[in-house]
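Going down the list, the sequences are from chains W and A. Quick note: the first sequence uses UniProt numbering, first residue 1, plus one each step. Quick note: the second sequence uses UniProt numbering, first residue 1, plus one each step.
Just so you know, not all the hints are guaranteed correct.
Said to hold, decoys possible - Sample of chain A residues at the chain W side, in silico, Cβ under 10 Å:
no. : residue
1   : Arg37
2   : Ala38
3   : Gln107
4   : Ile200
No lab work stands behind these hints: they were computed from the structure. Each residue gets a CB set at the ideal place from its N, CA and C atoms; glycine is no exception.
For reference, the chains in residue letters:
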Amino acid sequence: MSYKKLGMVFGGGNPIVLDIGETYTKLGFAGEPEPRAVIPTAIQKVGGPLTYILKSDRSCISQHLHCATLKQSISKFLEKVFFKILQINPKHQRVLLCESLLNPTKIREVIAEVLFHQFEVAALVFAPHHLLACFTVAMGTGLVVDCAYNETIVLPVIEGTPILWAWQSAPLGSSGIQDEIMKEISEKGKIQVRDEAAKSVTSRLSERVLEDIKVKACFVTQYERAKLIHDGKLAEWRKVCRKRVGSYFFIFSNFCNHAINYFYNTNLIMLRLLYVMMSARFTQKNVGDSTSEQEITKPSPALSDMIYPIDGVTRLMIPGSVREEAAEVLFEQDNDGTSISTMVLDSLLQCPVVSRKELAQNLLVIGGTSLLPGFRHRLLFELKEFAESEEKYRSKLSQCEFRVHNPPVPANLVSWLGASIFASLESFQHRLVTKEYFNQHNRKLPDWCGLPFPDKTPEASSHTTPASFKGGSHLGSSKNK
Amino acid sequence: MQIAYQCCFAPVSGYLCICRSSTSWQCPACSHTLSTRASNSIIPSAEDPSKSISKKTYYQACNFCRWTTRGIGMPDKDVVSAAWSEKNNPEQLRIRQLMDYYRYLAQKETAEQAQRKSSKKRGYFSTAMQLQQRYGGPRTPQSSKKHPAVSTPLSSSLAALRLKGSFKEVTLEPAQTCGIDEVEKLPDEIYTKKVDFTQIASIQQRLYQPSRQIEQVEDFWPRKSTMFVKRSLRCKKCDHNIIKPEYNSSSIKFKIQLVAVHHIPEVRIHKEGPIIAGSKNKISLSLINPTEHDIHISFLPNTEENNTKKSNATTELPSSEIVVLKYDEAAEYISTPTSGKPEMFDDPSLIIYRRANKIGFYLQCVPNADLAPGDDVWITFRFRHEHYGNASVVKLLKGDDAASEPAPTWLTQTVFVNIGKVADK
Ligand SMILES: [Zn+2]
Ligand SMILES: [Zn+2]
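Next comes chain W alone, as it looks inside the complex (with noise of 0.2 Å):
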């Protein structure tokens, strides 16, 4: 069966274009410039809060867990995506989601049932962010990193193939910028009702607060002034951790004391003396240090306080220092070293050296969460750095020069756009998945990175398709039989 024919009887309109991410969804048409619509990925009854169906934090409301309460809440959403906002109606239509590498097959398998059965579109297909925006800046070879709400994942590609071994994620993005916003407000922040006493903030604010005190106020800050941050906060935790030792041993200088009195009474002076020389030693100890700790150097100039208005009688005393502390859970390396930066550079070692020097100068950033000021020139800044000083990047990655892409969109909207250029291509049927194929294989989705889709002619997809996806590497041995 010629799928080229059957593209003609799904339909002449373009294909519809969706990239449901979890905070954000951008929606629109095949072959257009820019989405028609970018809306929170979220459900609302009327007058209800806004309840977000993907988020796995505290906001959603199905935890992926129960599929029939994520079944009903994506129909519900999609329902708003076709019949409000792209006022299409969806039936024989073909469909392009883009997909994170980590999303759960729960869900686009969820999505697909719901278009299938429930909208009638007539074929399918996911595509992964990371390759879809390699269309946007027309590169082969280059190394993806997606910041997006919950995490980052760096992939490289080389010649419109992922290199999935090498691959880097870890749970590095807005949510966690958001926490850390919370944290700070919860310590130094203060709430003001009216004119009354300003008082601490005891409960969490609303995820909106949060979100739009970040966009509005956060950015990635220097690296130097980011070091002085960081060796502030090293400092503060080892007085913090140095009282705790203090008190430990005045715990146990107690004990020691009822103890000693009671072997006093026996005449044990012996011991009663080495005591009174071990606790004058601890002492001094103690002393000496805290009259030695070094000044805590803070960034100059310091940033000044904020005030922010949660509505007509409430304002929101937050510290100026949020606005750069904040994000810098993404570059201060976690016990095990891990920052965006050093996932770049792990990913880097884990390519065939040949491959390496290209990777470094083909950067390309995306994820609504790299959009904050500041984000890609400390990127570039500790790319350099670490590759130059540290010990294990500095054999290998030396000579590499970083460059980073600039795409026609903005960084959130990419992945998007490739979606759009990818789908207006002809080759693009030949990736669908049908109704068909979908009712006759249980349900189940054929794995971008993996699964062949048999049906098609097998040659032509395999060499027409931007070998993006490493599907069409198996094609050969179902040809074969």
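Based on these hints, arrange chain A with the ligands on the given structure of chain W.
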């Protein structure tokens, strides 16, 4: 005839598509429609600089949040209908080029494959295939060499056609990358400038114009408002043009289709009689069914009266269901009371008359005893009826694969009737 009428209904989703309006604009801050304002300004006269004349100029303002085009320094216009321009996305050209380029590549590959003259000359996409076999793919190393491309007759002929028709070669300038010195740096004032939350665009405001994503309120630019326009839609059965494309969503014809009168039974007062306060009165009302289906009506007391309207009579509703026959256009021209349907046996104490899709029935009501002669008497009740909505059209458009009767939804209507004034004793 029947079908022609039914054709007029269609699922709502088929009706409309979105269109950018050229005359109406939306506020970039709150997305309300902007309205044109006129203002008089005194300017020196061109002929005689010593005199000054007043001149009318026009600008756009939001009634909701007070945003104006003047605030961002957009010059006023001299004519009401002057064209306001939307800012263009400077990257649009590049995106077009990208799309053309990839389309060209894909076509070229298809064509070359069809020719299969030189298997050595492999294109952009197939290089990737080789690499894939080297690095990533499952272990089927030489399969593609042993088995050269087999394409379907259709695709190869299409490709050959295209080769003959010689598609133009498209080239694309390689994308620019930037190093640490070229990439946007944080401005120095970011550390010193105070944050004014009201002067920075929220994420909603940014995403409202996705390709621009303006960050500062002072950079806002109005956006053309989108509106729904009708698209042409043909009946699947008879190929009639059901809906003609139209650019005016306020067209009367269009609105009529959605008016409640076409979907919800109408209640009227059949006959007025004298009303006596404090005693039982027989009221006669009539019901008209405007839909294409026989409907079953059952009455319910209205327990939750709102504050604005109150009835001042207790009402005794018919306990049995009333069937109202469907609207039949043909019946309008036939004088016999029933149109081919078997005569219904109605309870004469309840039903006054039955004529096509109309029915008259009795209600008992007792107006409150404290009403004085001349006071208006209000009764209230609710009734429930089935509604087939767009289902009938869905069925029609789908053709045979939905042969079964569509399932109705049940609607409940609340009615207040002013049945007249209390009669003089
Ligand atoms: Zn406004
Ligand atoms: Zn028709």
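Structure-based check of all given hints:
The beta carbon of A:Arg37 is not positioned within 10 Å of any beta carbon in chain W (closest approach about 27 Å), and the interface hint is therefore violated. The interface hint given for A:Ala38 is violated, since its Cβ lies 33 Å from the closest Cβ of chain W, which is over the 10 Å cut-off. Proximity of A:Gln107 to chain W holds as hinted, the smallest CB-CB distance being about 7 Å (cut-off 10 Å). Interface hint at A:Ile200: satisfied, since its Cβ lies 4 Å from the closest Cβ of chain W, which is below the 10 Å cut-off.
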